[in-house]
Structure formats: C-alpha cells, structure tokens
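Colleague: Sequence:
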Amino acid sequence: MISKTWTRTLFPLLAVAAACGSKDHEQLAAAGGVAATPPPGPQPDLGPLIQATKPPPPISGGTLAVTRDRATIVAADTDRDLAYVVDLAGRALVRTVNLPPGSEPGRVAIGLDRVAHVVLRKAGKIASFALDGGEVDYRDVCATPRGIGVDNVRSALKVTCASGELLTVPLDGSAISSVNVERDLRDVVVNTDGTTFVSTFRSAKLLRVAKGAVGSSRTSGSIMMAWRAAAAPVDDPPASSGDGGSGTDAGTPEPTNDDGEIAVVGQEASPEPVQTTPGGYGSGVVVGPGTDCGATASGIVTTHLSLANGGDVNLPDAVLPVDLATNGRDYVVVAAGNAFTPSLPQLFVVQKGSIDQSGTCVPVGRGNVPGQAVAAIFGARDQLVVQTREPAALHIMSEDRLRPWKTIPLANDSRADTGHILFHVNAGGHIACASCHGEGGDDAHTWTFVDMGPRRTPSLLGTVAHTEPFHWDGDMTDLRTLVDHVFVGRMSGPQVDDQHLEVLRSWLYALPAPAQLRPSTDVAATRGSTLFGQRCASCHSGPSLTNNKTEDVGTGKAFQVPSLVGVAWRGPFLHDGCATTLRDRFLPGCGGTKHGDTSDLSPAQIDDLVAFLETL
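Residue 393 in my numbering sits at position 393 of the sequence shown; the count goes up by one each step and never skips.
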C-alpha cells in the first residue's frame with residue numbers, strides 16, 4: 001500500500017514559515033471563539049508583468065532521460081517544442097532538435113541504439129532521433145500519449161495513453177498492439193524482464209501489466225494526482241562515467257524486476273472539512289517547536305513521497321511536485337510551485353535509509369536553482385541534474401544536491417508569462433492553483449466544505465472563457481471575485497492588481513479543450529447527438545455547452561450549469577461526484593427526471609447519448 005498512516009492534516013513545515021501568534025490562534029479556536037485570519041506563509045515574488053505572445057502550456061514535468069552510461073542527457077522543452085542532447089562530461093549542448101509547433105514534448109526514453117524517443121503530448125505521436133544526428137522520425141500512437149519506456153526484451157517502446165491504452169510499439173516499425181487498462185494513465189516503468197508497471201494521474205494507482213493482463217495495484221484513498229512514478233536503475237554507473245563514457249550499452253537505465261523500488265510522488269488530500277474563510281486552503285500557521293521535524297502547518301493538500309515497500313514521507317512545503325528522480329539511495333522531489341518564493345526550496349532530497357513505515361518526520365535536504373525547475377535526473381558520477389523551463393537550462397548540482405555547480409544554457413528566448421506564474425505559484429498557503437487543477441484540469445476529488453457540503457473540483461480545460469459566474473454555486477460573479485476570494489483569501493496569496501488579473505485571464509482563456517475521447521464520426525455518437533439536442537441542449541448549448549445559469553435540476557439546490565467541453569475526461573460527475581461514470585449520470589440519484597428527462601430512453605439510447613458526450 002502507498003500509505004496506511006497518513007491521515008493527518010498537520011505536516012512538517014520550514015522553520016522560516018513560523019508565524020507569531022499561532023498559539024493564541026489555537027487557544028482562541030479551542031475556546032470556541034472566532035479565530036483571527038491566520039497569517040500567510042512566505043509570499044511569492046511575481047517579478048515584472050509579462051504576457052507571452054504564445055501562452056506557455058501548463059507544467060507537466062518529468063522531461064529528462066539519461067543514457068545507461070549516464071554520459072548523455074536528452075531534455076524535452078514543452079514550452080519551445082524542442083529537444084536537447086547534452087554531453088554531461090563536456091558540459092555542453094551538442095544538438096537541438098526542432099519538433100512540430102504546438103506538439104508539447106513530454107516524457108523521454110533512450111534505446112540501447114542511442115535513439116531518443118520523445119512523447120508529443122498534443123500531436124499524438126512519438127518523435128525518434130539518433131543522439132548523434134540525423135532526421136527525426138514520427139510515429140502516430142494515440143491522441144493522448146503520456147508515458148514512455150523502452151522494453152528491451154521485446155525491442156519495443158511502451159507508451160501510455162490518457163485514454164486508457166498501454167501500447168507496445170515495435171522498434172522495427174511493425175504493427176502496434178494495445179492493452180486497455182483504465183483512463184488517465186500517466187507513467188510507465190519497464191523492468192529488465194519486460195514486466196510493465198503503469199501509473200494513473202488523478203487516482204494515483206500503480207498497476208502491473210503482464211502478458212496482456214492488468215494485475216494488482218497499490219493506491220491510497222487520500223492520494224490524488226500522482227505527478228511522477230519512477231524507479232531506480234539496476235546497475236550502478238560505470239567507474240569511467242565521470243569522463244563521459246563511450247560504451248555501446250547506452251540505453252536508459254532499467255529498473256528492478258518488481259515494484260519494490262518504484263517510488264511515486266503525489267499529493268495527499270486532507271480528509272477534514274474545508275473552510276472557505278481566509279487561510280482556509282492553507283496558511284502560515286505553525287504549531288510545535290518550529291524545527292524542521294517539529295513544525296507542522298495546516299493545509300488541504302500536501303506532497304507525499306511513497307515507496308512500494310511501505311516507506312512514506314510528507315513534504316508539505318514542496319508545492320506542486322512535478323517530478324521525482326532517484327538513484328536508489330536518494331529521492332529528489334522537484335517542487336515547481338516554489339520557484340517564485342525566494343525563501344522556499346524547489347528541490348527536496350530524501351535518503352532512502354531515512355524513510356520508514358511509521359510516518360515519522362525524516363531529515364530532508366533542501367536545495368534550489370535559478371529559474372523554475374520542472375525535472376531532475378541522476379547523471380555521471382551520481383551527479384544530480386535539474387532542468388529549468390525559464391530560463392531553459394540544465395544545472396549540474398553540487399555533491400550535496402543543494403546548489404548548482406555548473407549550468408548549461410539550452411535556449412536564449414524567454415517563455416515567461418505572468419498568468420502562467422500565477423497559476424503555478426505557491427500563493428502563500430503552501431498551495432497553488434495547479435495543486436487542484438493539475439495541468440489545467442482537475443484532481444477528480446470531491447471536497448467537503450464546512451458551509452456548503454460536497455463540491456467536486458471543476459476542470460479548467462476549455463471551460464473558463466465567458467462562463468461566469470464561477471464555482472458550482474455561481475457565487476463567484478467574475479474572475480476578480482474568484483481571485484480575491486480564493487487566491488488571495490483562501491490560499492493566503494498576495495494582492496493581484498488589475499494588470500496581473502488580465503494577464504491571468506488571458507492565460508486561463510487560452511487553455512485548450514482536451515482531445516476528443518471518441519471521434520465525432522462514430523455512428524453511436526451521431527445517434528446520441530440527436531438525443532442530446534432533444535433532451536439536454538436547452539441548458540448545454542453554445543460554444544462552451546452551458547447557458548451560464550444557476551439551475552435546480554433535482555440535486556439538492558440550484559447549481560451552476562457546467563460546461564460540457566471535455567466532460568468525458570473528468571469523472572466523477574456533478575457537483576458532489578454522484579455519478580462515477582457518464583452512464584451513472586442518468587440514474588435517478590443524480591437528479592432524475594428534473595435533470596433532463598431520459599426515463600423513456602432504452603439502455604441502447606443511453607449508450608448512444610454517452611457516446612456523444614465522449615465526443616465533446
């Protein structure tokens with residue numbers, strides 16, 4: 001199991017976040033009084049106001065791969081649609097590979113033949129190129145490729161698709177085979193015997209796939225959004241790797257033969273009811289002696305590092321854990337949300353020997369790099385290498401992993417954008433917008449609010465522009481109200497002036513809708529389109545598939561009509577997550593006849609209606 005012990009809502013926090021008056025705050029609350037607004041944690045420095053001509057995509061992280069001899073790194077650049085080949089021994093960029101505009105390169109794997117394979121998340125392809133030069137080859141895989149690994153047993157790539165397929169892509173170009181696992185797949189780890197493990201993003205599962213069958217999984221009910229699953233390599237780096245190495249066995253290092261060394265970094269949701277008052281999502285309130293292992297702070301999410309053998313550690317000040325690197329002895333979590341808070345680190349180094357199953361606090365090294373870190377990996381001589389997106393660079397870290405030793409620039413052009421920063425930044429309560437809206441989407445979590453009851457996190461992908469009022473209750477009349485009440489208030493963030501607000505608006509409005517889960521030409525979907533027009537379009541119409549009204553559809557009270565853009569990707573459905581699947585939405589418990597009367601439709605017609613919803 002990922003965790004059996006972490007049900008607390010109080011976590012270790014940096015001593016720098018200690019705030020005066022926290023004891024008085026506790027005493028007042030215990031006495032039944034109305035506690036004052038809790039003080040915020042460290043505040044971000046947003047820098048000068050910048051609006052990019054091309055809005056950068058949300059951070060996905062995990063964009064590095066290293067050859068088996070640890071001498072060469074390939075870095076994907078999601079913001080610039082580039083890939084870089086870097087010689088670690090020479091500390092030099094040796095090749096820049098141009099990829100299709102808007103393709104959003106992500107995960108990378110390197111074969112034994114020194115060919116790199118890059119996932120193109122938005123293009124539905126894998127880009128392959130030799131490290132030493134030559135043309136780029138492209139292969140169509142699926143609409144939503146996410147993870148990639150090399151299966152040396154079968155001379156193939158393993159590719160995960162967010163739509164739920166695990167693909168086997170032969171390196172000789174022969175036909176691709178597919179196993180249906182479950183939706184929201186993310187990473188893939190291929191062991192030396194070809195056994196494959198895949199992770200899911202929002203439900204944070206780790207699944208074993210062997211001989212076409214999906215086996216046991218490990219998960220925890222409190223974990224959401226597993227940003228990265230990674231395993232330590234079997235083999236140690238060659239002794240000569242510090243000089244760059246020239247061995248022919250140059251593929252990505254392989255992990256062990258079971259899931260015992262696969263680590264997962266994700267976020268743990270607080271099980272406690274959520275307050276909507278200032279500081280309700282997180283603040284700077286500190287309880288305890290104020291030391292590294294004694295100080296704790298309240299918040300609704302915290303970063304959680306888990307090993308399959310039961311070892312766990314919470315890292316509450318590691319906001320937005322977009323990547324995880326391990327050499328089998330150290331685990332390094334990359335916290336992109338801390339990039340703009342000078343007093344907080346972006347790198348959290350945990351030694352394997354210090355992790356146990358009791359959930360006790362462990363010593364954690366804290367390091368930083370200039371710019372915003374998005375990925376990390378171990379290279380030659382066991383050196384930690386960190387990638388920053390802005391500026392685009394690789395940083396070879398010092399021996400203690402805590403500071404840059406050498407920096408290798410990758411690109412000179414800037415992709416800075418203040419809207420992008422505001423969305424990903426640790427606001428001040430050890431939480432970012434992206435903590436719940438990972439990659440611009442949602443966490444699939446239904447939160448329980450003190451004064452409202454259950455509310456499911458909405459997706460922002462293609463659903464924000466001109467759909468106010470916001471939130472399920474329609475109580476956020478516009479973006480200004482939303483930012484003031486949530487980012488500034490509940491998340492303990494700094495004030496946001498009108499200029500910053502407009503840049504944030506532009507970035508949010510530019511978030512694209514997700515890929516279609518089912519093609520519009522599907523026969524069942526065509527039949528379902530007619531039914532949708534007859535039964536649903538009075539509320540769900542227009543470009544955003546909402547009338548922006550607050551309606552009572554038999555689910556307890558009046559709620560905002562949600563946009564149905566990309567609806568098939570974001571189960572469970574409705575304000576309280578009452579429908580696990582789209583088909584469940586049409587059961588009596590989710591509104592019944594008041595929520596679009598479909599009681600006279602046959603099961604086959606409901607299937608057609610669901611098929612159409614999967615095209616939106």
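Among the hints, erroneous ones may be present.
To be verified - Derived DSS-like pairs: lysine-lysine, alpha-carbon spacing no greater than 27 Å straight-line:
| no. | residue 1 | residue 2 |
| --- | --- | --- |
| 1 | Lys122 | Lys54 |
| 2 | Lys406 | Lys352 |
| 3 | Lys125 | Lys211 |
| 4 | Lys594 | Lys557 |
| 5 | Lys594 | Lys549 |
| 6 | Lys125 | Lys54 |
What the hints assert, rightly or not - Pairwise CB distance ranges, derived in the manner of DEER restraints:
| no. | residue 1 | residue 2 | range |
| --- | --- | --- | --- |
| 7 | Gly556 | Asp382 | 55 to 61 Å |
| 8 | Thr530 | Ser506 | 32 to 38 Å |
| 9 | Arg329 | Asp475 | 48 to 54 Å |
| 10 | Asp607 | Gly212 | 22 to 28 Å |
| 11 | Asp597 | Asn180 | 53 to 59 Å |
| 12 | Ser343 | Ala213 | 57 to 63 Å |
| 13 | Ala92 | Gly328 | 26 to 32 Å |
| 14 | Gly542 | Gly90 | 53 to 59 Å |
| 15 | Ala92 | Thr526 | 54 to 60 Å |
| 16 | Asp584 | Val94 | 21 to 27 Å |
| 17 | Asp113 | Glu272 | 17 to 23 Å |
| 18 | Asp607 | Ala213 | 53 to 59 Å |
| 19 | Pro512 | Ser174 | 30 to 36 Å |
Hints were generated in silico from the structure; no laboratory data involved. Don't be surprised by glycine CBs; every beta carbon is placed ideally from N, CA and C.
Colleague: Each hint should be assessed against the structure and marked as holding or not.
Modeller: Against the structure, the hints come out as follows:
1. Proposed proximity of lysine 122 and lysine 54 is supported: the alpha carbons are some 15 Å apart, at most 27 Å.
2. Of the supplied pair hints, the one linking lysine 406 and lysine 352 holds, its CA atoms being roughly 26 Å apart against a limit of 27 Å.
3. Distance restraint check for lysine 125 and lysine 211: the Cα-Cα separation of roughly 25 Å lies within the 27 Å cut-off, and the hinted pair is therefore satisfied.
4. Distance check on the hinted pair: lysine 594 and lysine 557 sit about 12 Å apart at the alpha-carbon level, within 27 Å; holds.
5. For the hint pairing lysine 594 with lysine 549, the CA-to-CA distance comes to about 16 Å; that is within 27 Å, so the pair holds.
6. A C-alpha spacing of about 22 Å is found between lysine 125 and lysine 54, which places the hinted pair at or below 27 Å, so the restraint holds.
7. Take glycine 556 and aspartate 382: their Cβ atoms lie about 56 Å apart, and the range 55 to 61 Å holds.
8. Threonine 530 and serine 506 have their C-beta atoms about 37 Å apart, which keeps the hinted 32 to 38 Å range intact.
9. Range check, arginine 329 to aspartate 475: Cβ separation about 50 Å, and the 48 to 54 Å hint holds.
10. A hinted range of 22 to 28 Å holds for the C-beta pair aspartate 607 and glycine 212, which are about 26 Å apart.
11. Taken as a hint, the range 53 to 59 Å is violated for the pair aspartate 597 and asparagine 180, whose Cβ atoms sit roughly 33 Å apart.
12. A C-beta distance of roughly 49 Å is found between serine 343 and alanine 213, which places it outside the suggested range of 57 to 63 Å.
13. Checking the proposed 26 to 32 Å range against alanine 92 and glycine 328 shows it holds: the Cβ atoms sit about 28 Å from each other.
14. Distance hint check: the CB atoms of glycine 542 and glycine 90 are about 56 Å apart, consistent with the given range 53 to 59 Å.
15. Checked against the given bound of 54 to 60 Å, the beta carbons of alanine 92 and threonine 526, roughly 55 Å apart, stay inside it.
16. Under the hint 21 to 27 Å, the C-beta atoms of aspartate 584 and valine 94, about 53 Å apart, miss the expected range.
17. The supplied range of 17 to 23 Å is broken by aspartate 113 and glutamate 272, whose beta-carbon atoms lie about 52 Å from each other.
18. Judged by the Cβ atoms, the range 53 to 59 Å given for aspartate 607 and alanine 213 is violated: they are separated by roughly 26 Å.
19. Remark: the range hint 30 to 36 Å for proline 512 to serine 174 is upheld by a beta-carbon distance near 33 Å.
In terms of the numbered hints stated before, the structure departs from hints 11, 12, 16, 17, 18, listed from lowest to highest.
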